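These protein sequence lines map, in sequence, to chains A and B.
The numbering of the first sequence is numbering that gives the first Met the number 0, which starts it at 0 and goes up by one.
The numbering of the second sequence is numbering that gives the first Met the number 0, which starts it at 0 and goes up by one.
It should be emphasised that the hints constitute simulated quantities derived from the structure, not laboratory data.
Treat each hint with caution, since some may be false.
27 Å max Cα-Cα, derived BS3-like pairs, lysine-lysine [unchecked claim]:
| hint | chain 1 | residue 1 | chain 2 | residue 2 |
| --- | --- | --- | --- | --- |
| 1 | A | K83 | B | K367 |
| 2 | B | K367 | A | K79 |
| 3 | B | K272 | B | K238 |
| 4 | B | K218 | B | K238 |
| 5 | B | K2 | A | K148 |
| 6 | B | K294 | A | K85 |
| 7 | B | K238 | B | K294 |
| 8 | B | K294 | A | K83 |
| 9 | B | K6 | A | K148 |
| 10 | B | K272 | A | K85 |
| 11 | A | K166 | B | K233 |
| 12 | B | K233 | B | K158 |
| 13 | B | K6 | B | K184 |
| 14 | A | K123 | A | K85 |
All figures in this text were calculated on a predicted structure; none of them were measured in a lab.
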Amino acid sequence: MQKEIIIAGFGGQGVLFAGQLLTYAAMDQGLQVTWIPSYGPEMRGGTANCTVVISDDEIGSPMVSRPTAVIAMNLPSLDKYEDKVKDGGVLVVNQSMVDREVKRTDIKVATVPANSIAEELGDKRMTNMVLLGALLANLDILPVEAVEKALRDHLPERHHKLLPMNKEAMQRGGTYVAAAISA
Amino acid sequence: MAKELMKGNVAIAEAAVRAGLNAYFGYPITPQTELLEYLSARMPELGRTFLQAESELGAVNMVYGAACTGARVMSSSSSPGTSLMMEGISYIAGTELPVVIVDVMRGGPGLGNIAPAQADYNQIVHGGGHGDYHPIVLAPANIQEAIDLTYGAFDLAEKYRSIVVILADGSLGQMMEPAELPEMKEAIMRTPDWATYGSAGRERRFLSSIYLDPPQQEKTNFRLERRWQEIKAKEVQYKEYFLDDAEYAVVGFGTSGRIALSAVRAARAKGIKIGLFRPVSLAPYPEKELYELSKRLKGLLVVEMNAGQMLEDVLNITRSQIPVEFYGRMGGILPMPEEIEAEIDRMVNESAASDGHPRDRWLARFGKMN
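Produce the entire structure from the sequences given, and follow the hints as far as they go.
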């Protein structure tokens, strides 16, 4: 078993943290996992992405050209990664930041108004957690409880008052289950 | 001990701390800076020495001086910064001092960029500084290996009064992977019979790389070479994957080696009998092991993030016994597994080229891309 997830968006949307959370959860489940960010000057205000590879065997490349799943948090990320998702894979799109339909029909697509949901919850910083919840609902990789536990274990104590909101954000995202692939 | 999730640069830093690192001297440079940043907090917290020098030249010469006293010392940098350290590295080699240096390689030459590369293989493995000397060079491919090699590097350096270079690249420095940290040691200050830590009550000692009398210099050169022979005999490290029944193999180190593992697995899934030979010690290189392996293979594919630097060593070691092909990416670009897989397919399906140099054939295939 090996699954690769790319999370992409603007710097500041919580792209790297969402990836790290997945990585912690996979580690706590006893799985092999790698997390690699895009790094460099492009991260300041530009696009940011990270690749998470989860496997039950020694991981070779930490970078992939055809990921199992992608979370596209904005339009440039959708444009960049839509074609790259593996056939039968999962694409989670932040509808709030994207003004076009997804073209692919051979993958599972979950379109989530994540900014709006986060704002309804009272904190727009929850956008990444809403999308992470949607990913977990559509990709058989980790139980949502494992990510909740990772959040509790690895989030600094001073942020623990935000745990219930994070949990709710993931649950709200988790209701966006993609339709079965028809093609 | 439970596994922790760590960035490569931080993992190397903490492994050095746990190995009893007494003093660190460095100068920031991406993609290595987190190593220095981490130690800037961690070392003072333990009452140990952290010093950000005015430049890499300052840092390497502070390491030189501190190593004379018997302290466990380290510096770290990335390609252009390591170039600046070369004079000091040669002096350290000439003075026969145990020093650990971490080089997190980036795209070059010149200022280049901050993306991962392996283009300093020749510089580090085959010298860089002037004069006859051989550093021990270890190339981790994952974060656990980076920790283990760094932890062991100090013992190795002290055993042979040698420089040990941990040769990583930007992607290993920046990526995170769960790994287990070793046991914590107190800061180590040794008192070997050559160190200069105060001569009260005994004859004074003198440490230098100056031998103005050529026969004395040559005597030192012979001593270094004999020591290198011993290192070559005892300190070779490498990893093998799927080689038991292999007809072909990929040779790659560090990050390109681990990426090649994905390509090898994909090729195996298609029924190609291929394995991976990943040298961990680049100096001493696993020469005998690669030579023996090459005798039973139909072909080798060398993969690097440079224009074929280790390739020359592989050609030398395999002595034209079997066809060798080369695939490289440069300038801070990682080879993707699919690219390596395509090269494996080509090697297996096309009749082996018998003319020219593997680098020339690679350049003919890909040189027109840009």
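Would you pick out the hints that fail for this structure and give their numbers low to high? Per hint list: 4, 6, 8, 11 and 14 violated.
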